[in-house]
Structures are given as structure tokens and as C-alpha cells.
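Q: The residues making up each chain are set out below.
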Amino acid sequence: MSQHVLSLLVEDKPGILTRVAALFARRGFNIESLAVGTTEVEGVSRMTVVVNLDGQPLEQVTKQLNKLVNVLKIVELEDDSSVARDHMLVKVRTDASTRSQVLEAVTLFRARVIDVVSDSVVIEVTGDSAKCKAFIKVLEPFGIKELVQSGAIAISRGSKSMSEKVLK
Amino acid sequence: MTETLSGAQAIIRSLELLGVDTVFGLPGGAILPTYDPLMDSSKIRHILVRHEQGAGHAAEGYAAASGRLGVCIATSGPGATNLVTAIADAHMDSVPMLAITGQVNSHAIGTDAFQEADIVGITMPITKHSFLVTKAEDIPAVMASAIEIATTGRPGPVLVDVAKDAQNAKFEFSWPPTKEMTPGYKPVTDPHGKQVQAAAELILQSKKPILYVGGGVIRAGAHKELHKLAKLIGAPVTTTLMARGAYPDSDPQHLGMPGMHGTVPAVTGLQKADLLITLGARFDDRVTGDVKTFAKGAKVIHVDIDPAEIGKIRHADVPIVGDAKVVIAMLTQELEKQLKGKKYDISEWWSYLIGLKERYPLGYNDLDDGKLAPQYVIERIGQLSGPEAIYAAGVGQHQMWSAQFINYENPNTWLNSGGAGTMGYAVPAAMGAKVAMPEKLVWAIDGDGCFQMTNQELATCTINQIPIKVAIINNSSLGMVRQWQTLFYNKRYSNTDLHTGTDTQMVPDFVKLSDAYGCLAIRVEKVEEVDAAIKLAMETNDRPVVIDFIVGRDAMVWPMVPAGVSNDAVQYARDAAPIWDGEE
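Going down the list, the sequences are from chains A and B.
Just so you know, we're using this note's numbering here: the first sequence kicks off at 21 and counts up by one.
Just so you know, we're using this note's numbering here: the second sequence kicks off at 359 and counts up by one.
None of these hints come from the bench; they were simulated from the model.
Careful, some of the hints might be misleading.
[Said to hold, decoys possible] Below, simulated DSS-like cross-link-like pairs (lysine-lysine); rule was C-alpha separation at most 25 Å, straight line: (1) B:Lys-537 / A:Lys-185; (2) A:Lys-83 / B:Lys-552; (3) A:Lys-87 / B:Lys-528; (4) B:Lys-657 / B:Lys-566; (5) B:Lys-630 / A:Lys-33; (6) A:Lys-93 / B:Lys-566; (7) B:Lys-528 / A:Lys-83; (8) B:Lys-537 / A:Lys-33; (9) B:Lys-544 / A:Lys-180; (10) A:Lys-33 / B:Lys-544.
[What the hints assert, rightly or not] Anything over 12 Å on all C-beta distances counts as not near chain A; from chain B, calculated: (11) Thr-439; (12) Lys-486; (13) Thr-492; (14) Ser-503; (15) Lys-544; (16) Gln-691; (17) Asp-861.
For glycine and all other residues, C-beta sits at the position ideal for the given N, C-alpha and C.
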């Protein structure tokens, strides 16, 4: 199984998320994560889909996605020419004896504490999925009470824009 | 110039302006506003069906027989869900179809209102695209876009679901619509020249090529181009179930239909070929059998307008995305150029194939119980009606025999539910075909099981003077299922007996039923009655005709490749595999 990051420009229309998600479901494609939001162009949304696949079916995935009328453009973002980031909020158990260790981990991972109460903290961290996983591992011994993660969002390096050619 | 119209009036006006002349439908609450201006349209003929599924299949039959768009209309909720089977069918078989449904008022959507169903959601996986319209002013652009999507590229069904308040609201209508509804829709029709060149080179290198022709050739109207290509290279031709009629059966280069019930020469020709020239076909499991062992020694040229079909099942050595009509013409031209008048010689390949054709022709036996052989009935219908007639079949044994024992010479004369396998397709599809091509003789060749699913449309045919001919191949059972029970379930006939034969309770009596629907109804039980009944049906054009052919139930469809098995294991008849020479 190999992981691929697909970036989709789609028309911002009702049901588009269903169309994309349902396509993955009915064709048996495996979604690792999916993030969607608006873009610099009005009426156009961008989805970042991380799929778990092998070489041959990836072509099927992009071809099938391209058949969706509301999909404007698809590119695969390769590791070495793009950056991908996950965003994570995590609530960790702390007390007087552990708090400083947790805060040290926060500093090491360049994370931020955004809420503190007597027996827990909420931490925000941004990074690629490996960093997020490593951070979780470090926090686990203290007791993770709650964890929420965005899907990855990704963008290509350099000055080129994905939407340049599609949207005149 | 603008004009104040209601959304409903705009739907009708847009259809008229887009050249729609016929719609099949059935009104109800949420589509009522649209039925009012429809009554005044002098350009659009509305045919009131008895069940929305009938409207859907009629639209398919209309489209498949004429090559034009088929249109059906239904109300919200159950009206719309009754279209679902036909929409799925059109999606599988790439039929250009527009389905218009009423939807509850936009402010009531999502409240579980009376007759509310999320038909856009329900049909998402079985439409090429769908629209939910909640504003009247979007209607012209949506209608234009829907029809463009349905009829261009790989054709397919498009659903337009219109909220009732959008039908009632007034707005300033102007034509043509300026708003672009679907900027992401850009089908590729012209192939890469280099790919065509590579395909021609591969063909001329091959010694055992075969043309594997699918329904895309018919949808693209590429039969003439195909004929020219086939004649230039002299290669054998196979036409899939969806492509029957794309190449004349009378032509000696034609090996017949491939697949589960294909001819031995077609099945084996594909297996032994060194090159598949695949034109508008999609390597369906009913054609390939076990994919891993399908045409193992062959390279593949794959021409399709849908890029997603290429490489989906089988790797293509030369993939070509484009319209079959354009690609085949270019390929022929390129081959002429590369041949430079030389002859492309594949005579050794042909001597093998001719041997197969001689040894394994299609055939059938008389039945032990003395009942009519269903194949004989179907063969006579084809012989007496000729290749100009249109034949629509249901699904099952009678469908396979109709594909095998009727000679097709022209495209769009064989209509059936290939991909979805929808029982009940025949009667409404024949009705739609007859409406599209009123001068043509149109047969529905149906089974006793299929017929009971949609025969209510006989009322539509009688009332609207649509004189189709229906041949019920009545073996008093769900014949294909029964055949599998005979072969694979130790003759344990679980729930396949329909009790419609003359030696059963005969429920229903098809002659009485058809008579009640205003049809000329005839029962045929003996060989000597067959021709007279068919001729009488052909002469009767003041009402539909139904012939109840009582046939033997033990007849089976041969040849056969059992499901999931290699095509090398094709059986010519029960327990009779072809005998291969030497190491073959």
C-alpha cells in the first residue's frame, strides 16, 4: 500500500463532498484523510485527499474523480515538490508533577498550549503527519483525554498555482 | 429579448428549443406545474405511461433506436424512485437520457415532507450528473447543460430535480442561456495522432489480430468507419452483446458474439489472438470470463471515449481516448498510409478461424417433450421480419437466443439491457423505439418472467396507437435461473416456476391479459402455427400484438462459459467442450 496526496479543485456546489466521498466508497478506494475548504477563487473549493493505494489503481482514482462533472482539476502532490500539514488539537492530563514535562514536549515540538485547567491542558500542533504521530507518542504516557485532527492539507512548492490554468 | 415565464414554462420552452419532441412520463403533485404548460406544447408529444419505470425504459428505447436523447418525467418521491431502475440501466449501457423529476418546495426539502425523496442523492452513483434546481432562473442553463452532458462524450443519464416553487416562480427567460453551469465538463473526442500511429504499427506487426467491438461503436455511430477498417485489414470481427448490429452478421469476417454465451469462434478467437483491437468495449466480466486467463497472449489497443475505462480491467498497450467514429477513421487512414498499397496477410490466422466456424456453428436441438424450441421461434421472427426491424429483448435465456439467432445487419436495431440486466426492459423499450421510429417494425422479444414486470405499458401502447409486437417466449419459468439450477444446483428448482404454461394453472393467461389491454392476442403451441402468427402480427398495425409462444422449458443457452471460469473452458453444448488440435 502506498500513500498519495491528491489535490482537487472543485466547484463549490451542494453535494460535492458527497459526490467525492461516495465515489471513493463505491469504487472501494481507501481514504486516509480528506480536508476541504474555500480557495482564493470564489465558487471554487479545494480538497486534499490522502489515499492509500498502489500505483495502478491511483490512475483509476484520478480518472474516476475526473468524471465527476463538478471536479475541475486534480493533481497528485509528490512528497519532494510539495508541503503537507496536519493540524491537531489534543487534551492531555496534567498535574503539578507532570505539567513541566508536558510543556517541555510542547516546546520541543514547536506546539502551543491554548487552554489550561488544573488537571489538563489543550495543545495545538501543526506539522506533517509523521510529526503529529511522534508528538502523540510523546504525550501518551501522560494520558490523552481527547484528540482531534484535521486531514492533511497540501500545496506545491514554487510559484506555480494549481488554479492558474483552470480558472482563466 | 426576454419574456416573463414561470419555471415550469421555462422547462417546456427549453426542451422545445433543445429539440426534444417526445417525453414519457406520469404526473403527480410536485411536477404538476410543469404538466400544465406541457399540455399546450405543439412541439412535444407527451406519452402517459402506467408506471414510471416504463417511462424510463421507453426513453431508453427511444434513445437506443434513434441515437437521439430520450426524456422521461416523474413526480417527486415514489415517482422519482420508480425511475431509478431505468436510470441505472441507462448508466450501465451509456444511453443518452434526461430524467426530469418534481421535488417538494425548496423550503420543505429536508423536512421529510409528503412525497419527498432525495432523488439526487439516491441517483448519484447511477447518473452521469444530476442537478437540484431551487431557483427558476437557473432552469434554462441547467436544461441546456443537462442535455449537453447526457448526449456528448460517453452518453449517459442526467437527472434534473426541480423544486415545486422553482417551477411556479416567474422570471425573465432568455435564450440561449449565458450562465455556464458546468465548467468542469470537457469530454475529449479527438485522439492523439501519435497513439493512432502506434496502434497502426501494432496492427501491422500482429499476425492474429481481432476486432473486439463494443457498444461504444453503436453509440458513436461509427459502424461505417468500422466496416471500412475491417475490410482494409481483413481482420476477424466480434460484436459484444451491446454491439450486435455494429457489423453485419452476414459478413464472413464476423465471428459473432463473444462472452459467456458467445460463439466458439468468437470466444476462442479472442483467446488465441495476439492483438485485441478494442473499440468502445470495456472488458466486461461477461465477455472476459476469468480476467487473468483472458486473451493471455494478446496485446491490447483500447479505444474509448471514457478515459476511466482504459486500464480499468485490462492493461492497454496502446490506449486511445477519443470518439470511436473519429478514431476509427483516423486509424484506417493511418493504416492505408503505412500499408502503401501492400496487402496485410493474416491468412494463416483465418484458416484456423474458418476451421472453428465450420466445426462450431451456432445451433440448437429439438426438445424431448415435443414442445416448441424457443430458438426456432426467435429465429423465425428474425427471418420473417428481416434486418430492418428493431428487436428489444428482456433479460435471460430469450435475450441470449435473440442475440444469437437473429441476424443483425444494422446498428440501433438490437436493444437490450446489457450491463444492468434489467428484467422488464423489453415492452417499454420497444414502445419507446416504435415512437422514435414509427415506420419500423418493432418487436419486443420477452420472457414470461420479464413480461410480468412491465406489461402494463401495453395499455399505453394501445391508447396511444403504438403498435408494437410482443413475442412472449413462454417457458413457464425464470428460464436462465432455471438453467443455472439445472447445471449448478443439481436440478433443485428453487422458486423458478411461474405457472404460465398451458399445462399449468396459467396464471396469468397471457392471451386473456393482452386481450384485456386491447391487443391482438395469439397463442402458439405448434411448429406449424409459428409462421402464420408472426405474419399476422406483422400485418396488424391498428393495435399492439402479443403472441404467447408456449415453448419447452428444458431448452438451454449454448455455448456457455460458466461464471468466473476461463474462456478456454467454453462449452459448445452440455458436457461438450470443443476439441482443440494438438497442443491447443
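Q: Confirm or reject each hint.
A: A quick look at each hint next to the structure:
no., hint, result
1, B:Lys-537 / A:Lys-185, "20 Å, holds"
2, A:Lys-83 / B:Lys-552, "21 Å, holds"
3, A:Lys-87 / B:Lys-528, "34 Å, violated"
4, B:Lys-657 / B:Lys-566, "10 Å, holds"
5, B:Lys-630 / A:Lys-33, "50 Å, violated"
6, A:Lys-93 / B:Lys-566, "40 Å, violated"
7, B:Lys-528 / A:Lys-83, "40 Å, violated"
8, B:Lys-537 / A:Lys-33, "15 Å, holds"
9, B:Lys-544 / A:Lys-180, "23 Å, holds"
10, A:Lys-33 / B:Lys-544, "18 Å, holds"
11, Thr-439, "18 Å, holds"
12, Lys-486, "8 Å, violated"
13, Thr-492, "9 Å, violated"
14, Ser-503, "9 Å, violated"
15, Lys-544, "10 Å, violated"
16, Gln-691, "28 Å, holds"
17, Asp-861, "46 Å, holds"
Of the numbered hints given earlier, the model fails hints 3, 5, 6, 7, 12, 13, 14, 15; all others are met.
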